[in-house]
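Visitor: Chains as they are written, first to last, in numbering that gives the first Met the number 0: chain A, 0 to 336; chain B, 0 to 513; chain C, 0 to 324.
Don't take every hint at face value.
Per the computed footprint, the stretches of chain C lying under chain A, defined by three or more beta-carbons under 8 Å from a beta-carbon of chain A, are [unchecked claim]:
{"id": "1", "stretch": "37 to 44"}
{"id": "2", "stretch": "236 to 250"}
With a straight-line cut-off of 20 Å between C-alpha atoms, the simulated EDC-like cross-links for lysine to aspartate or glutamate are [to be verified]:
{"id": "3", "chain 1": "B", "residue 1": "Lys-397", "chain 2": "C", "residue 2": "Glu-8"}
{"id": "4", "chain 1": "C", "residue 1": "Lys-154", "chain 2": "A", "residue 2": "Asp-219"}
{"id": "5", "chain 1": "B", "residue 1": "Lys-399", "chain 2": "C", "residue 2": "Asp-289"}
Pulled from the structure, derived: some chain C residues nowhere near chain A, Cβ distances all over 10 Å [to be verified]:
{"id": "6", "residue": "Ala-113"}
{"id": "7", "residue": "Ile-115"}
{"id": "8", "residue": "Phe-155"}
{"id": "9", "residue": "Leu-174"}
{"id": "10", "residue": "Ser-253"}
{"id": "11", "residue": "Ile-280"}
Source of the hints: derived by calculation from the structure; they are not laboratory data.
Backbone N, C-alpha and C define an ideal beta-carbon position, used for all residues, glycine too.
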Amino acid sequence: MKFSIKHSLSFFYLLILILNFLTSCDRNRIVEKEARQEESAVNPDEEYIMVTTAVNFPMYVNHDQAAFKRWGKRRGIKTSILGPSDWDVAAQIAVIEQIISTKPAGLLINGTDPGIAQVINKAVDAGIPTVVYDSDIPGGKHHAFLGTDWYEIGKLQGEAMAKLLNGKGKVAYLGILGMTNMEQGFKGLQDAFAKYPGIQIIGRYDDKANVEEAAHITSDLLGTHPDLAGICGFDAMSGPGIGLAIREANKAGKVKVTAVDWEPEHLQLVKDGIIQHLVGQKRELFTWYGAQFLFDMRHTVNSLSIDDIQAGVVAVPRKVDTGLIEINQSNVAQFLK
Amino acid sequence: MREEKNKREGRKIKIGIEGISKAFPGVKALSDVNLDIYEGEVHALCGENGAGKSTLMKILTGNYLPDQGRILLNDKPVVIRNQAHAQELGISIVYQERSLSGNLTVAENIFTNQQPHNKWGFINKKKLWEQTRLLLQTLDLAIEPNVKVADLSSGLQQMIEIAKALSRNPGILILDEPTASITESETMVLFKVIRELQKKGTSVFYISHRMEEIFQIADRISVLKDGCYQGTFTKQDTSIDEIIRLMVRRELKQARFLSQAKDEVVFEARELTGKGFSDVSFQVFRGEILAFAGLVGAGRTEVARAIFGADPAFFGSISMNGKDLKIGNPSQAIRAGIGYLPEERKEQGLFMNMSIESNIIAGTLDAAAVRSWIHNSKISKIAQIYTNKLGIKSSTVKQKVNELSGGNQQKVVLAKWLLLNPSLLIVDEPTHGVDVGAKMEIYHILHELAKAGTTIILISSELPEILTLSDRILVMRNGRIATELNKRETTEQEILAYASGIYQNTKTEKLLTN
Amino acid sequence: MKRLLRDREVSLSLSIVAICIVASVTWPNIFPTFDNISQLLLNLSIDSIVAVGMMILLISGSFDLSVGSVVAFCGGLTAYLLYYQGMFPLPAILIGLAAAGLVGLLNGYLVAKAGINPMIQTLAMMGIIRGAALMISGSGIQNLPPDFNVFGQSKFLAIQSPVWIMFVVVLIFHLLVSRNIMFRKYYYIGGNEKAAVLSGINVKKLKIIAFVLTSLLAGLAGILLASRLGAALGTSGRGMELRVITAVILGGASLSGGEGKVVGALLGTVFIGVVSNIMIIARVSGYWQDIVLGIILIAAVGMDIAFNRPAGISLKTYLRNLTIS
């Protein structure tokens with residue numbers, strides 16, 4: 000009998016130890032107080048939280064999260080990053096809901112899906128400064144949005160592709176089907192091609208943001224459409240996947256490729272002449288300025304009235320377009336480290 | 000002193016068990032057991048279920064360590080650490096439960112851990128098959144090494160199991176109930192093999208319930224009762240009755256029961272044909288016990304399963320009390336008043352991880368329910384009545400059946416069927432793996448059932464059982480009814496002769512003699 | 000005491016209470032607040048409803064990997080009918096549920112009658128239904144009508160409706176599974192399917208019913224989720240199948256069948272819900288959560304082996320014999 004009690008207790012003890020360990024190492028990583036400067040009014044409990052989905056997705060980690068952490072370190076302010084490890088919007092919503100009751104100083108939310116509008120409003124109603132980045136959320140009452148126009152991404156890709164093809168040829172589209180921002184991008188692509196009647200879109204394919212899937216689809220397309228002239232990739236994994244298949248089929252330069260994002264593997268593919276044109280976002284700016292907006296709201300840095308809250312004024316920009324980066328053979332060297 | 004004794008008897012002791020004790024919480028499984036197994040002898044171990052036979056066996060194969068005492072192998076003390084170690088020491092065992100992988104071939108099963116291979120680890124199939132063929136030849140088995148084990152009859156699977164144990168050339172071979180699932184003719188082959196092994200100097204430790212077999216094959220017989228050693232006897236100096244008396248400490252009489260058959264046909268099958276049997280026609284009367292005899296694979300179980308709706312019949316018809324029946328699944332059969340106690344108790348009869356009461360009530364949940372709502376207390380009450388009635392030995396009805404002995408488990412399955420109260424009950428090998436005492440109790444239960452008007456079809460591979468219980472005997476061979484025999488006029492030899500095809504026919508012959 | 004701890008329901012409840020006490024002491028102003036607890040319950044309510052169906056399936060010795068897809072499909076279909084077809088909420092919900100039931104019927108029929116392995120059948124169905132969900136709802140459907148959102152957003156005693164619906168579903172099915180004749184038979188099917196057939200239990204029919212029920216409950220969860228969020232997400236229910244199976248096994252089910260209680264399904268999701276809530280409060284990143292849950296699952300099943308061994312045998316010998324036999 001004694002044995003079993005001891006056993007179960009040690010189990011809990013272990014659990015608590017694990018939890019303590021996890022929290023403490025996360026804190027040590029994130030809270031770096033030595034860099035505090037200027038705003039001396041920072042409250043030690045002041046904490047800004049970023050909530051995303053697919054929290055360990057490399058592009059998010061290298062751009063969004065890195066810039067957010069760098070901001071926190073520079074300002075000497077506590078920052079935390081939370082969210083499910085899979086692409087699971089419902090779970091992201093659940094995390095936001097649970098954070099709201101812990102009353103953070105500000106929420107920086109990755110606009111992953113229009114379905115998160117309600118929870119954004121819940122945060123705003125709870126009086127938490129709330130900023131959305133990447134994709135705007137229609138119907139959300141968030142205080143500010145920073146991001147890029149996906150329609151523009153599609154349009155820039157379409158124009159680059161049309162130029163590469165001299166206005167005629169068969170083109171395929173790869174991306175995550177059903178994602179709002181990519182649907183907008185597709186629309187931009189279509190509108191760009193509308194000026195070139197010689198360009199024909201042969202189909203849209205779902206690569207599920209998966210390199211193997213994208214490579215697989217591409218090699219199938221190359222096999223079934225020998226006259227395929229170009230491929231446009233719209234999610235972060237489309238470019239590397241298409242590049243892999245093109246390289247294996249020895250079609251570099253023969254089939255033109257445009258894609259989004261500028262991760263190291265994308266850049267290398269441009270350098271190798273496999274991808275001709277990249278359209279990238281300035282993701283670092285989303286989160287750096289997003290965090291700064293939150294801070295400015297919390298500290299009423301720019302007061303536009305006697306009492307902005309009473310007056311219903313939000314003293315940060317409503318919508319920021321951080322603009323796009325276009326990368327091709329001519330400037331790729333500047334991005335390769 | 001030991002050496003003196005050895006010299007006196009002029010035999011070398013292969014394995015010596017000295018003062019072995021083993022206790023489990025609440026049970027003294029073995030206390031101070033001493034016995035010697037000579038080189039090249041067949042040594043039988045007898046005892047009721049729970050007497051400690053399997054514990055002793057598991058100590059010899061390294062599954063348990065003894066609490067006290069020691070084991071001498073070739074006069075040297077050894078500590079057997081685990082089964083692999085036991086095999087290294089030359090102790091091989093064939094368990095009652097199968098240890099074969101049905102999807103692998105005979106050869107792969109026999110040489111599981113010692114397949115011949117080249118230096119890159121690729122298996123040399125030719126060599127493997129050659130080795131297997133040689134080994135199977137010594138066992139007088141005409142089986143191709145590349146046949147899948149699942150395609151073999153259970154009797155042949157048992158022989159493969161033995162071949163597997165022999166593949167390691169053991170000095171001592173332990174056989175645990177080797178004949179429990181094989182037919183008499185296969186038993187003869189097995190005995191031949193045992194004799195061959197004996198000539199080569201292998202010691203065989205033979206554990207069985209079947210007295211007749213033990214007296215055929217064993218040189219010496221040791222008896223255990225409640226974990227205590229009762230003595231070792233040379234075959235010539237003892238008798239079946241004496242051994243049984245030592246095992247159970249009560250006299251058992253092989254009673255022959257009086258027939259309870261009435262004149263009313265309860266069930267009839269006409270030209271029933273299905274997978275593994277064809278053209279099977281017979282009638283059974285109220286209160287009759289009709290036995291189906293035959294070798295394993297003769298099609299008896301297949302007929303039973305077809306009648307019960309567990310497997311489809313291709314052709315033919317059945318009727319109950321004069322009315323034709325269409326049965327597509329067992330639940331229809333049960334509604335029509337037919338019950339089937341399956342051959343493999345653990346695989347098909349019992350819910351091993353569930354309690355006694357849950358098992359007993361499995362077919363009649365509505366008996367314990369009011370408007371579809373189950374009353375658990377009612378289940379316990381019903382189960383209690385039946386455990387008392389059938390003498391199921393357990394601490395409570397909530398005990399899990401996997402903690403019960405084979406005999407008590409079988410009684411639990413029987414209780415389930417008694418509760419369903421079928422007018423025709425088919426029992427398939429009802430005393431398989433059951434100890435002598437429980438066996439007699441099961442016979443009495445079946446006899447009482449017949450007395451109360453239940454018709455029973457008994458499928459059994461034990462001829463004494465058939466002769467004890469049944470009123471009439473149908474012998475099946477190769478999927479057909481070979482003959483019908485009357486219990487009072489027949490003998491084990493006659494049944495066996497028909498079953499194995501030594502006597503060819505049947506009714507014509509009988510008609511002529513009549 | 001030991002006997003009690005053997006019961007997964009008891010040991011799991013005690014674990015939940017213990018963890019909650021520790022969390023309340025560590026974060027007195029955050030964890031034990033009404034806001035946080037009601038939020039926690041709301042978040043686990045969807046999983047719990049699905050877990051009830053999964054528990055019944057696991058008792059019968061099967062499982063269903065397509066539940067997550069059914070959640071997305073059913074929510075998407077209902078949202079489509081509401082938003083694009085302008086249907087009233089009730090008929091849209093009923094059609095959504097009927098579609099979910101049909102998926103379950105197909106799963107059950109192919110598993111029980113055609114003999115397809117449940118893992119393969121429901122894995123295939125998971126892909127098919129996920130595709131269908133994306134086809135219907137595309138990038139998701141937002142701005143669902145308020146009279147539909149009422150279903151998942153209204154409050155009673157300051158607690159949101161999905162929590163109440165979860166409690167009702169758990170209560171009804173707990174009673175059914177523990178007391179009803181038909182549901183009791185699932186224990187027999189999971190315990191030994193062959194013996195169940197030979198005991199006259201109509202195994203095929205009951206298996207089909209279990210799959211239909213599981214799908215219906217997943218459908219209900221999908222509709223509730225859409226209503227609660229006011230939007231149908233194309234990605235909802237992703238990875239839910241494994242999370243729910245984890246919860247159900249934590250709650251006392253076994254993959255080999257014949258074990259478990261519906262209350263255990265609820266306790267399993269509560270346990271996971273509490274742990275993830277604490278991880279959010281402690282600001283632990285998402286991937287740690289998967290690691291911790293994995294460790295907990297192994298620990299729980301390991302404890303089971305330790306506690307359920309026969310009395311008085313040391314763990315070492317027991318494990319030794321376990322591996323031998």
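Visitor: Work down the list of hints and note, for each, if the structure agrees.
Guide: Going down the list of hints, with the structure as the test:
1. Counting residues of the stretch 37 to 44 of chain C whose CB lies closer than 8 Å to any CB of chain A gives 4, which reaches the minimum of 3, so the coverage claim holds.
2. Counting residues of the stretch 236 to 250 of chain C whose CB lies closer than 8 Å to any CB of chain A gives 3, which reaches the minimum of 3, so the coverage claim holds.
3. Straight-line distance between C-alpha atoms of Lys-397(B) and Glu-8(C) comes to about 19 Å, which keeps the hinted pair within the 20 Å bound.
4. At roughly 52 Å between alpha-carbon atoms, Lys-154(C) and Asp-219(A) are farther apart than 20 Å, so this suggested pair is violated.
5. At roughly 36 Å between alpha-carbon atoms, Lys-399(B) and Asp-289(C) are farther apart than 20 Å, so this suggested pair is violated.
6. Distance check for Ala-113(C) against chain A: the nearest CB is about 29 Å away, which clears 10 Å, and the non-interface claim stands.
7. The beta carbon of Ile-115(C) sits about 25 Å from the closest Cβ of chain A, which is more than 10 Å, so the claim that it is off the interface holds.
8. Annotated as non-interface, Phe-155(C) keeps its C-beta farther than 10 Å from every C-beta of chain A; the closest such distance is 19 Å.
9. For Leu-174(C), the requirement that its beta carbon stay farther than 10 Å from each beta carbon of chain A is met, with the minimum near 29 Å.
10. Every beta carbon of chain A lies more than 10 Å from that of Ser-253(C), the smallest distance being close to 20 Å; the non-interface claim holds.
11. The beta carbon of Ile-280(C) sits about 6 Å from the closest Cβ of chain A, which is not more than 10 Å, so the claim that it is off the interface is violated.
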